[in-house]
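Once you have looked at the hints, place chain B on chain A.
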Amino acid sequence: MEQRMTAARGPAAGDSAPASQAAQRERAETYLRLRAEAELRRQLTATPLEPQDWPPIGYGAHQLRIVASALSESEALDEETVGQILTGFETALALRRGEMLHGFMSWHRMRRMHSAQVPPAPAGPIRAIGLGTTVPVEVAGGRGEVVLLAAVFAADRAALAVTARTCGPPRMSGPQVRDPLLELLSGGTAADDRGTSYQLNFTGGGSDDEWTGRLEFSPLPPPSARWLDVTLGSGQPVRLDLAESAAVAAPGPSSPTAMAAYPPGDSPGERYLDLVAENLVRSTVLGGVGRDDLVGLPEVVAGLRAAGVLGGRSPALGRVATVATELGLELPAGLAGAALPAALPEPWADVLAHAHRRDGVSGLARLGAVLPELDGTRCVLAGLESQRHKARLTVLAWGWPFQGPWARLMRHERFRFWARDSMGRWHIGSELNGGTGSDGHADLELELAPPLHPRATSVEVILVGRTRAASVSVGLNWVQRR
Amino acid sequence: MSAPWWAVFPPAQSRLRCGAGDHRLRWAEGKLTSLDHDDPEGELVLAALGGDRPACVDLLEAWGRHAADLEVLALGPRSAADTVPITARDLARLRPPQGGGWFAYAPLTGQARARARLVRSTPLRPLPTARVTAARAGGPAPHPARARRPMPRRMPMIGGLGGGPELAREAELLTLLALGPAFQFRLSATVAAAHVPDGRPDQPNSARPALTAAMAGRLAPAAADWLGTDPDRVDVGLHEGSGWGSVTADGTGPERSLRAQLPVGWLASVWAAGLSVVAGHLVVEVREAAWPRAEVLALPAPDAEPVVLSLRDRRRHWSHRVARWAVDD
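From first to last, the protein sequence lines are chains A and B. In this text, residue positions in the first sequence follow the numbering used here: the first is 1, and each later residue adds one. In this text, residue positions in the second sequence follow the numbering used here: the first is 1001, and each later residue adds one.
Next comes chain A alone, as it looks inside the complex:
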């Protein structure tokens, strides 16, 4: 399997002198506190509106949080101060409305949750083996199959990424009925070349006739194990040759990637606006937050400018304007003159150009590749399902932060995924679900859109951090299913 891995450093953060940073911080804090004070007054004096009125009373508070997040993400203001200001605002408002607990629950806790430390990635190598092995199984008298997509081994975890389905009509099940396919997955066993036995515990999700997830080994196989025989249901054991993993696990040669200078903005304020533009691009193919950002953007820009982290002629604001124009969206009046159209980075332009493609092949690709560590997180690509309009990527991760929809709304995402296939088509990623469990493991399901080019033979998957990116290239070897 072809594989190429890189970790590239993007532009450095702003290098303002300490004195000007202190002044900038005071300007930002004063701006946000005055904004909060004015919003509190408006909230308390606003007359009730009809449901169809826009903006609703709560919109101003929402917009205040967006501005606060912008100042924090653009490094104009530290998170602690932002938390104090918003907690004060929310508590003051809640006290006067007789909703005292509300103020303690919203921003303060959400912010802390997103800043919570997750266990670091384990020391030692992480190995991944692309399998693509289809195991026929008997399910309640009918036929089914389990596809072993990849095997992943680390110091604290060993798992098989799997997808399973029955091949007959769906059967009735309910709260009191155990799904026979789930029963089969949950009862798997394995044995290694030294005769040690392992239990396989299923973690994942699905419907009655199709399940996708991981089979977790208990106990963990030793690194010296040469092979594993996996048994599911009453079928014959399937042998997994672990020797293959060496080639997959070794770091590949470093080389610049197309995302080396991504995101394109060269200061925190510029990068923040680039995230706004990127969300717009994402929303065209995967939905979610994006277009609504434009409504409140003038206030965000005003805040960034008041704080001194955004210049009068912002290239990033120009990119927002260009994306909006491409999408047929009108910039808010307050920005129309200030945003000069600018060229878009290649990934954005390409995604916009192929946004309506429906030419993806349908199939599962065996995948087993480890991304270089990036800002404390380790990711393993453990399966890819291509569909007509998008692709779905299975990722096992360590050190992965909590990134819910709220994080995207507040532009608080630490990591985003991009990909480029061998035909040169770019794909933007969106995290469907994830977060780190108490064991420090994260199982991510990502969507990539537009779909993979039908003639693509490999794909470079890129993990983009705040100022750096890491990537790995993998071949697309399609699994034969029954």
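These are calculated hints, taken from the structure and not from any lab test. Because the structure is a prediction, the values reported are computed rather than measured. One thing to keep in mind: the hints can contain errors.
[To be verified] Ranges between beta-carbon positions, derived for each pair: (1) ASP292/A - ALA1092/B: 56 to 66 Å; (2) LEU329/A - SER1014/B: 26 to 36 Å; (3) GLY334/A - ASP1198/B: 36 to 46 Å.
[Said to hold, decoys possible] Partner residues aside, some chain B positions facing chain A, computed with beta carbon under 8 Å: (4) ALA1074; (5) VAL1084; (6) PRO1085; (7) ILE1086; (8) ALA1207; (9) ALA1216; (10) GLY1228.
[Stated by the list, open to error] Facing chain B, from chain A, some residues (calculated, C-beta under 10 Å): (11) ARG25; (12) ALA36; (13) LEU344.
For every residue, glycine included, the Cβ atom is placed at its ideal position computed from N, Cα and C.
Just chain B now, kept in the frame of chain A:
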């Protein structure tokens, strides 16, 4: 100003449940004292040795801890009409919860139909019921054959969301505000007075943004009372030099905007005492005071020179909450 900031305030008194009794707390001349504990410090020593901590003594300590806390100004009243109602029931709800809280998200998008059932072989935090309900309410009705089972799923690990010192500190502050409006204004004045510059030039002031916002939030409604100015058109800054500052106006009618630079001491000795606007004047400084009398500098209009007014608080009794300052004939 030659008079101390607290000279424009009458005493204030409140009652507090303390042990089996109903005890009195009294504020006078800038200090809070307990009338029913002769030796609060001695009681603290006894408490440290294992005795009960009297609620009165706890509260006196809390008052001291928050005497310079800028959050008082963030939560406290902005004007006499702005009350901060807190009840004993509210305070009871603020007791820090036992154990950590948690949050989770479950973006049940279109894939929810096929993937809503998730399993996990090791114990995990449960999915919040409200989220599940909301997601189902927004989606198609489940097919009987695809009825969901309540299964645990992998949830993000969140640490440190329980009560903690921050919540305890907030609860303590709210306990002080629960003493009532008279104490809310006096505590606000205490905090503002604690941040009056000591006269040394070019001192860094990390509190300036919070004090500026506190000034804006209190001067804006006063300006509305004074001139009918739209509160959103009042631009406020802290005056840090000598003198009382400046108040200027631009425009006319509803377009008129006001620009004011006042010292932080204005919050303590003018605003908190209910002196902001008296007899059509904006009071900018207290020159002499011995409640119920005060001699102040006041502006009849923006850009005008201040005039000296002799005022008297005409509330019938010192315990009445709202000040009724008027020109003393």
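Review point. Any of the earlier hints contradicted here, and which numbers?
Key: The structure breaks hints 1, 2, 8, 10, 13; every other hint is satisfied.
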